[in-house]
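With these hints in hand, go ahead and build the complete structure from the sequences.
Number of protein chains: 2
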Amino acid sequence: MNEAACFEALTPTSFLLRSGRVYADRCAVIDDERHFSYAELLDRCLRLGGALRNLGVPEGGRVAVLAPNTHVLLESHYGVPFAGAVLVALNMRLPASDLSLIVAHSGAQVLIYDYELERTARDIAAQVGGALRLVRAGRPEDEYESLLRNADPWRRAVTDECGLLSINYTSGTTGKPKGVMYHHRGAYLQALAMTMETRLDCDSIFLWTLPMFHCNGWCFTWGVTAAGAVHRCLRKFDAGLVWKHLRNSNVTHFNGAPTVLIMLAWHPDAARLPRAVRVATGGAPPTPALLERMSELGINVTHLYGLTETFGPAVICEWRGEWSELTIAEQAQIKARQGVGNVVSQQLRVVDLQGNDVPPDGTTLGEIALRGNNVMLGYYQDEIATRNAIPDGWLRTGDLGVMYSDGYIELKDRAKDIIISGGENIASIEVERTLCAHPAVMEAAVVAQSDPVWGEVPVAFVTLKAGAGVTEDELVAYARAQMAHFKAPKRVVFGDLPRNATGKIQKFVLRDRARELNRK
Amino acid sequence: MNEAACFEALTPTSFLLRSGRVYADRCAVIDDERHFSYAELLDRCLRLGGALRNLGVPEGGRVAVLAPNTHVLLESHYGVPFAGAVLVALNMRLPASDLSLIVAHSGAQVLIYDYELERTARDIAAQVGGALRLVRAGRPEDEYESLLRNADPWRRAVTDECGLLSINYTSGTTGKPKGVMYHHRGAYLQALAMTMETRLDCDSIFLWTLPMFHCNGWCFTWGVTAAGAVHRCLRKFDAGLVWKHLRNSNVTHFNGAPTVLIMLAWHPDAARLPRAVRVATGGAPPTPALLERMSELGINVTHLYGLTETFGPAVICEWRGEWSELTIAEQAQIKARQGVGNVVSQQLRVVDLQGNDVPPDGTTLGEIALRGNNVMLGYYQDEIATRNAIPDGWLRTGDLGVMYSDGYIELKDRAKDIIISGGENIASIEVERTLCAHPAVMEAAVVAQSDPVWGEVPVAFVTLKAGAGVTEDELVAYARAQMAHFKAPKRVVFGDLPRNATGKIQKFVLRDRARELNRK
Chain A
1 MNEAACFEAL
11 TPTSFLLRSG
21 RVYADRCAVI
31 DDERHFSYAE
41 LLDRCLRLGG
51 ALRNLGVPEG
61 GRVAVLAPNT
71 HVLLESHYGV
81 PFAGAVLVAL
91 NMRLPASDLS
101 LIVAHSGAQV
111 LIYDYELERT
121 ARDIAAQVGG
131 ALRLVRAGRP
141 EDEYESLLRN
151 ADPWRRAVTD
161 ECGLLSINYT
171 SGTTGKPKGV
181 MYHHRGAYLQ
191 ALAMTMETRL
201 DCDSIFLWTL
211 PMFHCNGWCF
221 TWGVTAAGAV
231 HRCLRKFDAG
241 LVWKHLRNSN
251 VTHFNGAPTV
261 LIMLAWHPDA
271 ARLPRAVRVA
281 TGGAPPTPAL
291 LERMSELGIN
301 VTHLYGLTET
311 FGPAVICEWR
321 GEWSELTIAE
331 QAQIKARQGV
341 GNVVSQQLRV
351 VDLQGNDVPP
361 DGTTLGEIAL
371 RGNNVMLGYY
381 QDEIATRNAI
391 PDGWLRTGDL
401 GVMYSDGYIE
411 LKDRAKDIII
421 SGGENIASIE
431 VERTLCAHPA
441 VMEAAVVAQS
451 DPVWGEVPVA
461 FVTLKAGAGV
471 TEDELVAYAR
481 AQMAHFKAPK
491 RVVFGDLPRN
501 ATGKIQKFVL
511 RDRARELNRK
Chain B
521 MNEAACFEAL
531 TPTSFLLRSG
541 RVYADRCAVI
551 DDERHFSYAE
561 LLDRCLRLGG
571 ALRNLGVPEG
581 GRVAVLAPNT
591 HVLLESHYGV
601 PFAGAVLVAL
611 NMRLPASDLS
621 LIVAHSGAQV
631 LIYDYELERT
641 ARDIAAQVGG
651 ALRLVRAGRP
661 EDEYESLLRN
671 ADPWRRAVTD
681 ECGLLSINYT
691 SGTTGKPKGV
701 MYHHRGAYLQ
711 ALAMTMETRL
721 DCDSIFLWTL
731 PMFHCNGWCF
741 TWGVTAAGAV
751 HRCLRKFDAG
761 LVWKHLRNSN
771 VTHFNGAPTV
781 LIMLAWHPDA
791 ARLPRAVRVA
801 TGGAPPTPAL
811 LERMSELGIN
821 VTHLYGLTET
831 FGPAVICEWR
841 GEWSELTIAE
851 QAQIKARQGV
861 GNVVSQQLRV
871 VDLQGNDVPP
881 DGTTLGEIAL
891 RGNNVMLGYY
901 QDEIATRNAI
911 PDGWLRTGDL
921 GVMYSDGYIE
931 LKDRAKDIII
941 SGGENIASIE
951 VERTLCAHPA
961 VMEAAVVAQS
971 DPVWGEVPVA
981 FVTLKAGAGV
991 TEDELVAYAR
1001 AQMAHFKAPK
1011 RVVFGDLPRN
1021 ATGKIQKFVL
1031 RDRARELNRK
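So the sequence lines, in the order shown, correspond to chains A and B.
Mapped onto our numbering, the consecutive letters of the first sequence carry residue numbers 1 to 520.
Mapped onto our numbering, the consecutive letters of the second sequence carry residue numbers 521 to 1040.
Any given hint could be a false lead.
The calculated label-pair distances, taken between Cβ atoms and stated as ranges, are [claimed, not checked]:
1) B/R934 to A/Q333: 53 to 61 Å
2) B/R554 to A/D406: 18 to 26 Å
3) B/D789 to A/R320: 28 to 36 Å
4) A/K416 to B/T679: 35 to 43 Å
5) B/A796 to A/S37: 24 to 32 Å
6) A/P360 to B/G576: 34 to 42 Å
7) B/I940 to A/S324: 54 to 62 Å
8) B/S925 to A/A385: 25 to 33 Å
9) A/P360 to B/R934: 53 to 61 Å
10) A/L273 to B/A849: 30 to 38 Å
11) A/Q333 to B/A849: 47 to 55 Å
12) A/L273 to B/E850: 25 to 33 Å
No lab work stands behind these hints: they were computed from the structure.
Just so you know, these numbers come straight off a predicted model, no measurement behind them.
Where is the CB? At the ideal position from N, CA and C, for every residue including glycine.
Next comes the structure, spelled out in structure tokens:
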């Protein structure tokens, strides 16, 4: 037996080593005016490895990157691990005050930043202190390019596939942010799963609508490369621009939260596409109205579910050919389910407070729990939080859901978003889905308002489609006609919804507003 | 850090655990009249695990299976590892005398055999001695079914993913057979690669034309299950029956050596298919004539390359969209190349006798060498052969080829099949390809004949298409018009080609015949 020949550490950087050879002369990256072939991308990433070594980054050192979805942030997903270092991709929508806490917590000694974020980068450096080496990037004249030019291509071999690859800080609406530790092995397997589940191949063109700093772009930063497909970068999400790419750039795949899809679906430029485009969505279940609209537009929606702690989408609503013959409404009902573990995931469970499986009856609520190779190592330098999240070898997601008899799960609510009215549980998601079925409603968020009689009652915050009109009373009446009366919102407030830096609706802000309403 | 939650041993049996839940009620296996859903397949395999435990098979014990491509052989790919045992899938085309040597060498204590192979099984048992427990299988009344019925579903967890999963004996035209040891990790990754590279998904129907006893069916035994596709079993390859399935059973995928494709391509029932069918071929490069014919029939051919020692196809001729716009002849030339490492393979090399890379110029001949997670552990109880095959951490394939500047390799010949004429190398494959371009030729095999002047000269053995006619002189003249004169065959002999038990052409038999020709 010669173990040397048959064991190679699993690392997602190996996909670039392969595509850099196999697809050497083919397009890897398009970022505005800049185009890189796979050979060029590989060369640049190896030079980044060399450049970080030249900057004195040791094995296991942390390198933070603050950038939109550009080639720089993509390259850091390879160049930083090539240097043997750990990638900390920062959420560029956070203020410098939050980011400096994250950078300090991670112990990063280098911060690569996009030239448009110069002020934020300088603020972070000032708050963190003198040890942080800043590297400006994004344009040909920025230092990043000269560092690459002056470095030799270099990489450190990965010896421990369970070693630390990246730290992804959760957006954490409250409390201090937690650094989710990704390992090479998990990212490798998750990237393969994403490639396979979304049918990426070497003729695909992937549009970067999903931030790469979200779970390393759900591991598509590596999966798109594994397929040898094109990374089409996008500095900023803009629905009109995305429609331009969908029409003119032969885009075959993109990802985004339902919020993003909503912005696209009812955009003035929205029009049926001549070829099939696949979009993977997660973060919230797509509503039937949205799925119907996307289907009209020729966009095939796959519903995924996961957490930062699970390398992004560990769960997929696996679609069966026979389901495509159902009505759109029936399809939407199936597609609203989060689904089953993806092809590399281990078993998915819905457990009670004692950690026992709830019956798979589609109604008994429990917490969704996961384990397997695409679960994090733990939270960086936070043993207590790690133990709380993984009390018994199963990661608790904090999401409440049910298990169906066919093994598919459906999320009912975040544990903290459930509304308890007269002793009955109301899933805010259920009320939101009902409201979104109204033709005038574009998006809805429902939260609890304290009530002297019922304990809590649901209150809805609603954004209408452009040009559409409906009154509060009409919408309440609509909801009461569709569902149990106690679940229908007692009040409806129209307007834009508050979002956090990652685009998620901030329900704690809405709860404050609901409290204000009580006082009025 | 809680390692328990984020590390799960990689094993291809996990794909059945998943598909048994996710696709529980969907069709997993069709074997003549018998249909099993994925839940049933999982249950049967777990019962096989329990049954083998009941028979006293210990952890690490070997279980041999002698069967055509039936559900029994498929089930053994899960049930045997569920029992913690090691699968030895026997080549049913070998005589009992060879098989008894293999069974004895493997130390198998149980032999599951198909009822049609009763005599062979009894002969093996007689030659191996009394310790071998025979289990007849294949029909409802056979013992295998009662063992399953009376066993509890059971499995032993895989603790070491680099542990032994199966032993695949090479057909070895000469010398004693060697037992190639597969590990769980390699089979898991190779199965994922096969699924991805051939675009299998849960709506695919895979026809089992490739023997499952070849490299565990190139790991498609596990890969088809990973995709949740249908295993359509086939007791015996019969071109007419395969055409019936292609027309009537919605088959989307199958695999086979070019020999198998040749039998299909010019079969009287061959007709263009209404939907795309993918076939993966390996063992020899498909000729341009064959590729052109398959294209007419609506069958998309992927060219793969590998050895028993590499879990089957570690190499794939990755196809790029833009190549589909070339002429069929140009496409065939590209597709004749073996290609590049597949998505889970490590780098592929072509090395000289000192183990150094030859220049990637498309002409310098060297030996193809491989390493990575889809390389065997070694040969079972044969340290010397293992060391010879893997002298320096790189598996030597025994195949001679060239490396092109784009990183694709092309096989020129087996090291032992090269013909040296007047000091010049003649690749037998090149001569064969030239002859196959003649419209009357179905298949050709070229070997060396000793010659007093040139040392060796090429002699061709040719099978003509049904109803086609060409003379020896015409064919020699045709070859001389196409290639360097010294490469053209000096003689052509018409007739059927001798094959070994795995269907490969036996060139050593042809060399004997060529020697006979010299004496006449």
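Tested hints:
The hinted window of 53 to 61 Å between B/R934 and A/Q333 holds, with their beta carbons roughly 58 Å apart. In this structure the hint that B/R554 and A/D406 lie 18 to 26 Å apart at CB holds, the actual value being about 23 Å. In this structure the supplied range 28 to 36 Å holds for B/D789 paired with A/R320, their Cβ-Cβ distance being about 32 Å. Separation of A/K416 from B/T679 is about 38 Å and conforms to the stated range, judged on CB atoms against 35 to 43 Å.
For the hinted restraint 24 to 32 Å between B/A796 and A/S37, the CB-CB distance of approximately 30 Å keeps it satisfied. Against the hinted window of 34 to 42 Å, the Cβ-Cβ separation of A/P360 and B/G576 comes to about 36 Å, which satisfies the hint. B/I940 and A/S324 have their C-beta atoms about 59 Å apart, which keeps the hinted 54 to 62 Å range intact. Checked against the hint of 25 to 33 Å, the C-beta distance between B/S925 and A/A385 comes to roughly 52 Å, which is inconsistent with it.
A/P360 and B/R934 have their C-beta atoms about 55 Å apart, which keeps the hinted 53 to 61 Å range intact. Take A/L273 and B/A849: their Cβ atoms lie about 35 Å apart, and the range 30 to 38 Å holds. A/Q333 and B/A849 have their C-beta atoms about 52 Å apart, which keeps the hinted 47 to 55 Å range intact. For the hinted restraint 25 to 33 Å between A/L273 and B/E850, the CB-CB distance of approximately 32 Å keeps it satisfied.
The earlier numbered hint that this structure contradicts is number 8, and it is the only one.
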